[in-house]
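Protein chains: 2
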Amino acid sequence: MSANIAASVCTMCKRKKSFFFRPYSGERLCKKCFSESIEAKVRASIAKYRMFNFHDKIAVAVSGGKDSISLLHILAKMERLHPKASLVAVTVDEGIEGYRDEALAIAAANCRKLRIDHHMVSFKELYNFTLDEIVARAQRKGERELTSCAYCGVLRRRALNITARDVGADKIATAHTLDDEVQTILLNIFRGDVLRLAREKPVTDEVHPRFVRRVKPFCEIPERESALYAYIKKIKFQDAPCPYASEALRNDLRAMLNRMEENHAGTKFTVFKSIERIRPALDEIAKKAPFTECIECGEPASSDLCRACELLRQNS
Amino acid sequence: MSANIAASVCTMCKRKKSFFFRPYSGERLCKKCFSESIEAKVRASIAKYRMFNFHDKIAVAVSGGKDSISLLHILAKMERLHPKASLVAVTVDEGIEGYRDEALAIAAANCRKLRIDHHMVSFKELYNFTLDEIVARAQRKGERELTSCAYCGVLRRRALNITARDVGADKIATAHTLDDEVQTILLNIFRGDVLRLAREKPVTDEVHPRFVRRVKPFCEIPERESALYAYIKKIKFQDAPCPYASEALRNDLRAMLNRMEENHAGTKFTVFKSIERIRPALDEIAKKAPFTECIECGEPASSDLCRACELLRQNS
Numbered sequence: 001m002s003a004n005i006a007a008s009v010c011t012m013c014k015r016k017k018s019f020f021f022r023p024y025s026g027e028r029l030c031k032k033c034f035s036e037s038i039e040a041k042v043r044a045s046i047a048k049y050r051m052f053n054f055h056d057k058i059a060v061a062v063s064g065g066k067d068s069i070s071l072l073h074i075l076a077k078m079e080r081l082h083p084k085a086s087l088v089a090v091t092v093d094e095g096i097e098g099y100r101d102e103a104l105a106i107a108a109a110n111c112r113k114l115r116i117d118h119h120m121v122s123f124k125e126l127y128n129f130t131l132d133e134i135v136a137r138a139q140r141k142g143e144r145e146l147t148s149c150a151y152c153g154v155l156r157r158r159a160l161n162i163t164a165r166d167v168g169a170d171k172i173a174t175a176h177t178l179d180d181e182v183q184t185i186l187l188n189i190f191r192g193d194v195l196r197l198a199r200e201k202p203v204t205d206e207v208h209p210r211f212v213r214r215v216k217p218f219c220e221i222p223e224r225e226s227a228l229y230a231y232i233k234k235i236k237f238q239d240a241p242c243p244y245a246s247e248a249l250r251n252d253l254r255a256m257l258n259r260m261e262e263n264h265a266g267t268k269f270t271v272f273k274s275i276e277r278i279r280p281a282l283d284e285i286a287k288k289a290p291f292t293e294c295i296e297c298g299e300p301a302s303s304d305l306c307r308a309c310e311l312l313r314q315n316s
Numbered sequence: 001m002s003a004n005i006a007a008s009v010c011t012m013c014k015r016k017k018s019f020f021f022r023p024y025s026g027e028r029l030c031k032k033c034f035s036e037s038i039e040a041k042v043r044a045s046i047a048k049y050r051m052f053n054f055h056d057k058i059a060v061a062v063s064g065g066k067d068s069i070s071l072l073h074i075l076a077k078m079e080r081l082h083p084k085a086s087l088v089a090v091t092v093d094e095g096i097e098g099y100r101d102e103a104l105a106i107a108a109a110n111c112r113k114l115r116i117d118h119h120m121v122s123f124k125e126l127y128n129f130t131l132d133e134i135v136a137r138a139q140r141k142g143e144r145e146l147t148s149c150a151y152c153g154v155l156r157r158r159a160l161n162i163t164a165r166d167v168g169a170d171k172i173a174t175a176h177t178l179d180d181e182v183q184t185i186l187l188n189i190f191r192g193d194v195l196r197l198a199r200e201k202p203v204t205d206e207v208h209p210r211f212v213r214r215v216k217p218f219c220e221i222p223e224r225e226s227a228l229y230a231y232i233k234k235i236k237f238q239d240a241p242c243p244y245a246s247e248a249l250r251n252d253l254r255a256m257l258n259r260m261e262e263n264h265a266g267t268k269f270t271v272f273k274s275i276e277r278i279r280p281a282l283d284e285i286a287k288k289a290p291f292t293e294c295i296e297c298g299e300p301a302s303s304d305l306c307r308a309c310e311l312l313r314q315n316s
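Chains as they are written, first to last, in the numbering used here: chain A, 1 to 316; chain B, 1 to 316.
None of these hints come from the bench; they were simulated from the model.
In this text, all values refer to a predicted model and were calculated from it rather than measured experimentally.
Hints are not guaranteed to be accurate.
With a straight-line Cα cutoff of 30 Å, these simulated DSSO-like cross-link-like pairs (lysine-lysine) come out [stated by the list, open to error]: (1) A:Lys288 / B:Lys287; (2) B:Lys48 / A:Lys288; (3) B:Lys273 / A:Lys287; (4) B:Lys288 / A:Lys288; (5) B:Lys48 / A:Lys287; (6) B:Lys287 / A:Lys48.
With the C-beta cut set under 7 Å, the calculated list includes, among others, these residues of chain B facing chain A [what the hints assert, rightly or not]: (7) Ser122; (8) Phe190; (9) Val271.
Computed footprint of chain B on chain A, listed as stretches where at least three residues anywhere in the stretch have a Cβ under 8 Å from a Cβ of chain B [what the hints assert, rightly or not]: (10) 243-255; (11) 263-271; (12) 279-293.
C-beta: ideal position from N, C-alpha, C; glycine also.
Whenever a hint applies, use it, and build me the whole structure from the sequences.
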């Protein structure tokens, strides 16, 4: 009986009723303590990986989904304590009919509410094609190897880099969660892409003057907890999933990791930490593959033609 | 119709009927070409990782299961072409009642047939306890953290090292398959054990004069193909699984990897190769953790007390 009563009380404040159990730490938290724990974890990750300098202008990549809107709210709260830092939001309109418009409106509404400058950029204006047009064209050409995610990912990262640089941002903050990071780690191992394994990390290296460094303040927040944060804070976000099917291998890895996490709580953190422990070794690999400029667009690239121009050329 | 006929013919000899399809290569093979392909792959792995020198005395670890008996047959066949090299077999009797006796008899019969010296060593004579006794004692003490596999793995490796050294072997060859290797890679990542990730490899480093280097000629042979080889060659092996339940995390990883392999043929090879590609970096990690000698038994150890003595002490 007493164990049951104890179990229903927040293990942090020891007063309020708990509503969330964190299996990997054993904590039972009330809504307030849960939200505070998320904000504290984000601050800790930012400090640990030295994500920001005090005077940074930070471009937050805001899609309109739960993770990016939660990140925007948390960074806005932190920014008030750092008067020399500043925030802008950047939203990329990939051009996905019937899906993106709602997200754009939600992103804009949140920025207005938080009084954050909001910059929008579209695939159409940058590349002359929407994602819908690119995917339709690829399908007509019988292109089977590349998923819509492959196009979208490369072109979105490029769009973010250009826009962040244009507005004079020092860093791009993205809302990749622990789940995203661990999926990407395994995806790269399962695909044999060791260079990407080496390059993807909480703070990307300073590889080229035209490359804006990306930081991931949610890299140690499980996706489930990022969603819960948005729910508790009554943040408005887009709930509908992207109409394009995501990558098969990533889907399999996501399902597998969730099963593993259920059977062995803390698995996702352990995988993340394993890779961070071999990080110095991976950095050596990354160093040996320097960046150059794309001969077509002048953007930072790993080879003569950047991946974005390569995809757009294949598709033209 | 013609496609069906083509599909049923061996893609290697183009004459015999195929009986096996290799999804990751697209090959369809007859029994003879399949067996030859396994032997060729083992020779290729041995050459690639420089597993042996011409004059090596090789101690093959033979449990009596399909993988180790197949390895013994393949190495015996190769040895005939290398007169300066020699083979012995080493079997460890862990002391598992109703299970090990059959395997020991099978191992001995195979060695007699192949005219290979067979050395047996038991946990009882080395450690004064059988595995059954160790596990029973651990259960009585309420030890929950360690599975029987944890005891068995450490003590078996120690037994192999002592016996191989006693018979003057230069190398220990174990029959770990591609499946075992990839499971172990992920197990170490999922457990956060980066040092073991660094130390486990196709050929272990020369870490200590009392440590006999271990090589894994089957590290690029899928378990399924090692089993098929034994079946085709009509090799006698023990089929019954160990009565002790194996590690939960390894079981989960095995199931996951088999699912992934089914959906994305070649996955196991890709994971194996990813890690081999970061091998130079991992070697740097391994180098920073030198070996010393156990203060209790004098065997090579990572810390003052070796893992075997630590386990035996906990259990006494």
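Consistency of the hints with the structure:
1. Annotation: proposed proximity of Lys288 of chain A to Lys287 of chain B holds, straight-line Cα distance about 21 Å (limit 30 Å).
2. Restraint check: the Cα-Cα separation between Lys48 of chain B and Lys288 of chain A comes to about 24 Å, which is no more than 30 Å; the hinted pair holds.
3. For a cut-off of 30 Å, the pair hint linking Lys273 of chain B to Lys287 of chain A stands: about 20 Å separates their Cα positions.
4. At roughly 22 Å between alpha-carbon atoms, Lys288 of chain B and Lys288 of chain A fall within 30 Å of each other, so this suggested pair holds.
5. About 27 Å separates the Cα atoms of Lys48 of chain B and Lys287 of chain A, which keeps this hinted pair within 30 Å; it holds.
6. Note on Lys287 of chain B and Lys48 of chain A: the hinted pairing holds, with a Cα-Cα distance of about 27 Å set against a maximum of 30 Å.
7. Hint status for Ser122 of chain B: violated, given a least beta-carbon distance of 34 Å to chain A, over 7 Å.
8. The beta carbon of Phe190 of chain B comes within 6 Å of a beta carbon in chain A, closer than 7 Å, and the hint placing it at the interface holds.
9. The interface hint given for Val271 of chain B is met, as the beta carbon of that residue sits about 6 Å from the closest beta carbon of chain A, less than 7 Å.
10. Counting residues of the stretch 243-255 of chain A whose beta carbon lies closer than 8 Å to any beta carbon of chain B gives 3, which reaches the threshold of three, so the coverage claim holds.
11. For the stretch 263-271 of chain A, the stated coverage by chain B holds: 5 residues have a C-beta nearer than 8 Å to a C-beta of that chain, and at least 3 were required.
12. As drawn, the stretch 279-293 of chain A meets chain B at 4 residues by the rule of a beta-carbon pair under 8 Å; at three or more, the given contact holds.
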